[in-house]
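Here are the chains, one letter per residue:
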Amino acid sequence: MEVIFENLLNLELQHVVMWVIGGVLIYLAIKKDMEPTLLLPIGFGTILVNLPLTGAVTQIIDGVKEIGIIDVLYNAGIANELFPILLFVGIGAMIDFTPLLTNPRMLFFGAAAQFGIFFTLSLAALLGFDIKDAASIAIIGAADGPTSIFVANYFNSKYTGAIIVAAYSYMALVPIIQPFVIRRITTRNERLIRMQNTGKTTVSPTTKILFPIIITVIAGVMAPRSVALVGFLMFGNLIRECGVLKILSETAQKELANLITILLGITISTKMQAELFLRKETILILCLGLVAFIFDTVGGVLLGKFINLFAKNKINPMIGAAGISAFPMSARVIHKMGLKEDPQNFLLMHAVGANVAGQIASVIAGGLIISLVG
Amino acid sequence: MNLQALLETVPITIYGMGGIFIVMIIVYLGIKILTRFFEK
Chain A
0 MEVIFENLLN LELQHVVMWV IGGVLIYLAI KKDMEPTLLL PIGFGTILVN LPLTGAVTQI
60 IDGVKEIGII DVLYNAGIAN ELFPILLFVG IGAMIDFTPL LTNPRMLFFG AAAQFGIFFT
120 LSLAALLGFD IKDAASIAII GAADGPTSIF VANYFNSKYT GAIIVAAYSY MALVPIIQPF
180 VIRRITTRNE RLIRMQNTGK TTVSPTTKIL FPIIITVIAG VMAPRSVALV GFLMFGNLIR
240 ECGVLKILSE TAQKELANLI TILLGITIST KMQAELFLRK ETILILCLGL VAFIFDTVGG
300 VLLGKFINLF AKNKINPMIG AAGISAFPMS ARVIHKMGLK EDPQNFLLMH AVGANVAGQI
360 ASVIAGGLII SLVG
Chain B
0 MNLQALLETV PITIYGMGGI FIVMIIVYLG IKILTRFFEK
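Chains as they are written, first to last, in numbering that gives the first Met the number 0: chain A, 0 to 373; chain B, 0 to 39.
No wet-lab data here; the hints were simulated from the structure. You may find that some hints are simply not true.
In silico lysine-lysine, DSBU-like type, Cα no more than 30 Å apart, as pairs [what the hints assert, rightly or not]:
id, chain 1, residue 1, chain 2, residue 2
1, B, Lys31, A, Lys199
2, A, Lys313, B, Lys31
3, A, Lys339, A, Lys313
4, A, Lys245, B, Lys31
Coverage of chain B stretches by chain A, computed from C-beta distances (three or more under 8 Å per stretch; other residues unrestricted) [said to hold, decoys possible]:
id, segment
5, 0 to 9
6, 14 to 20
7, 23 to 31
Where is the CB? At the ideal position from N, CA and C, for every residue including glycine.
Could you build all of it, start to finish, from the sequences and the hints given here?
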């Protein structure tokens, strides 16, 4: 009997706190539908890795090192960046770049909406974070989970757990964060602007096939560190658009993406161990993540306002906010905001164009951050 | 507050944001060329 209960003596308050945090993540995933595919596995994993002397993570017991399965998965799939990269194949296969190809001006909103990354980098450095940790925190502003994991892991940040939780939580909170920020930096008249359609709704299949190849070459030449991310994203898209690999495309979109997502969430929870997560910096990182999302939105909207100073055909500056990578949520949010102001103002195609541009821009930003800081 | 560290991030911000815009300009031109040559 004693053997069964002796582990209870190893239970510490910080373990219980982490169980509560895990429970909150599971609650948010199930009840609030906040990024459930990631927050639920992370929440469960948080409980799993914070059981006293848990066999799920590597422990030294009686002088003997016992390898835990979560650490095996971490070394096999995240330490070498395999899982986020493979997930990008699935994401690439899911994205239809047509709204961007018919209106390539939207690319610039994707670029502007990465401003939050660099603003947060400066702020984190000012607050005393080491430059590599500051860069890892700043990449929350990429609004893209796999990119955050990739960069934080590249820099071997000790705050990876907090960074990933912040990234996925704020992605789920885009429908709250973005409208709040947009209303404060735009006038009603700006929000009412109706944008002209380009007149094009489709592009040729050849264009769709060449696009991912050209993007890979450009990104590879300009920002070589980003080529793993961009390359696999575009590889997935090429599978989708080539027209002869329908089964592989469907597999990448469904089975591959789902399998990796299951493993990614539970594996990343190794960084949710109490001694790594329960620090005062975690609160700071959650705040900085919010700052990153706010200034991403500000960057995109301000570019729209700036263009309107010169442009004959005015741009609804709300479109700029869709330049963050949270796809397709951000585009939907902007579309709904447009409809709320004017039920006849359909911004969806423009917003989707900016949103997929954000996908490209965020991975390039990740590569550039690695090149410039690393 | 680490002002020195903040100043060190200024060139990263300039090169980073500049770099993203330059890549996007090149991608923009690439798309324009693509859609012109392969219209339908």
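We went through each hint and held it up to the structure:
1. B:Lys31 with A:Lys199: holds (13 Å)
2. A:Lys313 with B:Lys31: This hinted pair holds, its Cα atoms lying about 21 Å apart.
3. A:Lys339 with A:Lys313: Distance of about 19 Å is within 30 Å: holds.
4. A:Lys245 with B:Lys31: Measuring from Cα to Cα gives roughly 27 Å; hence the hint holds.
5. 0 to 9: holds (count 8)
6. 14 to 20: Held - the segment 14 to 20 of chain B has 6 residues with a Cβ nearer than 8 Å to chain A, which meets the minimum of three.
7. 23 to 31: It holds: at least three residues are needed, and the segment 23 to 31 of chain B offers 7 whose Cβ sits within less than 8 Å of chain A.
Hint compliance for this structure: every hint is met.
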